[in-house]
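Asker: Now for the letters of each chain:
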Amino acid sequence: MEYRSLGRTGVMVSPLCLGTMNFGSPTGEEESIAIINRAMEAGINFIDTANVYNNGESERIVGRALKENGRCDQIVLATKVHGKMGPGPNDGGDSRYHILKACEDSLRRLQTDHIDLYQLHRPPLTMPQDETLRAFDDLIHAGKVLYVGCSTHPAWMVMEALATSERYNLARYISEQPPYNLLDRRIENELVPLCQRHGLAIIPWSPLAGGILTGRYPPAGDLPEDSRAARSDWFRSRVTLKGRQIAAKVAEMATERGMTGAQLALLWAKDQPGVTAPIVGPRTLSHLEEFIPVLDMTLADTDRPLFDGLVHPGNAVADFHNTNDWMKTRITD
Amino acid sequence: MEYRSLGRTGVMVSPLCLGTMNFGGPTDAQESLAIIIRALDAGINFIDTSNSYNSGESERIVGKALKENGGRDHIILATKVHGQVGPGPNDGGTSRYHIVKACEDSLRRLQTDHIDLYQLHRPSMTIPQDETLRALDDLVRAGKVIYIGCSNHPAWLVMEALAISERHSLARFVSAQPPYNLLDRRSENELIPFCQKYGLAVLPWSPLAGGILAGRYAQEILPAGSRAERLGDMFRVRVSQRARQAAERVAEMAQARNMTGAQLALLWIKDQPGVTSPIIGPRTREHLEAFLPVMDLQLSESDRALFDELVHPGNAAADFHNSNDWMKVRITD
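Protein chains in written order, with this note's numbering: chain V, 1 to 333; chain Z, 334 to 666.
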């Protein structure tokens, strides 16, 4: 397997990152731990969680798994801060006040003395970035965090953060975690060129478009009752007919190549220019098994234009930015 | 009439800027002069041209008009550099080598000893921005340029430019000139919030969507002599069905308000948050006369919401970024 540098840091990570948003709910603790162990056995050394995932449960399960298998020191462990963790006005956000506390809480749940990659889950739209970056920098000086990154930021704010870090001699963001998949390619316009130019790792979330690209939603007809789209409004609005139809085409292409649609769509995201490691979010052990072979595959350059024919570079047919306050564009059928 | 500050500079400009792309092309020298004189008469004090418009003819006509009527001292005169103005490998672009020469050429054609706002017509993705900014800064120090600005840049690249200016104590961009109109609102996602935060003036080009919003393309067949017919594919693909339908709705709304569609669409863009002064590009004196009353009008908040229903904030129904290499999204019907 080809390990890749996490942006300009030189730290090598597997080309798939294990996402843990399902751990604790809907995936039970035992299955979650089995998924983590199987992923590590297959060579995945990059795990991403967040303090808000299932109210800390995801972090707690990851911490327990790494404690039990004793391989915490072989993992690049990433988590996030920003989301609301309690009812108080300072139980979330990007202030130094919150970040220092939230970091201690994450360390305790993860049963570790340091976080490898600590990410700002959403951009600080209403406060100056030097406040946040100084807090992160102090965590790095204290040895509690090795690297800092951001998630779901507009490109200009990542650039603003880099300039702020340089100006004040603070640790700089080394990664950005945007929504990115074949159905929503909008980051190719601004974020990808920025990250390539400034050496930031790109860690796409929702590389399978929340299951649309795995064929979870048939190209026509009702949504499956037990699906995410049936459970949540903001997710349902992502499940466009156009997106479902393109998923059906990807499935056809995959069959011709002896793969599943999920594998081919994941391979595409993994091998897009600028991408370091898409975050897979298996709900079950069998999901994970399906993803693992992709670690060793390479996208054929002749296949790339076929995907560009399905969704033009930079375009979107489903709205994976609809949880970002700053992105105003809405994508509908 | 309300004059507005050109970003953070304190220089007051009229809320419409006279664009001169037609001068020396479809609009002959005599009519162009008449347009300039009428615009100044009506209180417009902001004129925008470029070294590449009609091979320098536009600059030459503007220079002649200002010389003849002696109005140069009361005008904020803007021009641009970057486009190819000759066959050689250094007859365009953003190198110091080209910029220093191109500025002299513009000064000569404009018959003036200084340019008030010197803008980079397009971003250069391939050379480091400190090279360009240092050249522009030297022109500022030499008194040949008062302010510098950029045009058609992605927001992150403007942010990068500001950081470089600050780091090296160079003059900073005071304005951005993006394509922006009711049919292409993509600048609202990144560029506008960025410019608001950093005090850059926003000078939208194509505020009437190249005539679509003036009802130029109400018929199925492209009118003879229209830009879409004259200028070929790049403009023709902008004339989408969705755009024509939106223009029709604007015309209806305008009628109910005793205005023309062009006036209402221009009023909308003039009063959008962050906008300093849209650039109108009259081909005839008659066009100009139709635009002038807009300077004294104000958009009502209840009307703003109606426009958001026609085209959602951040969305596009026509592709006015299709002459920017960096914007990969293509907008089609």
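Watch out, some of these pointers could steer you wrong.
Listed next, the in silico BS3-like pairs over lysine-lysine satisfying Cα-Cα at most 27 Å (straight line) [claimed, not checked]:
1) K67(V) <-> K144(V)
2) K530(Z) <-> K328(V)
3) K530(Z) <-> K249(V)
In short, the hints are calculated from the structure, not lab data.
Asker: Could you run down the list of hints and mark each one as holding or not?
Answerer: Each hint, compared with the structure:
This hinted pair checks out: K67(V) and K144(V) have alpha carbons roughly 18 Å apart, not beyond 27 Å. About 17 Å separates the Cα atoms of K530(Z) and K328(V), which keeps this hinted pair within 27 Å; it holds. A C-alpha spacing of about 43 Å is found between K530(Z) and K249(V), which places the hinted pair above 27 Å, so the restraint is violated.
The structure does not agree with numbered hint 3 stated previously, though it agrees with all others.
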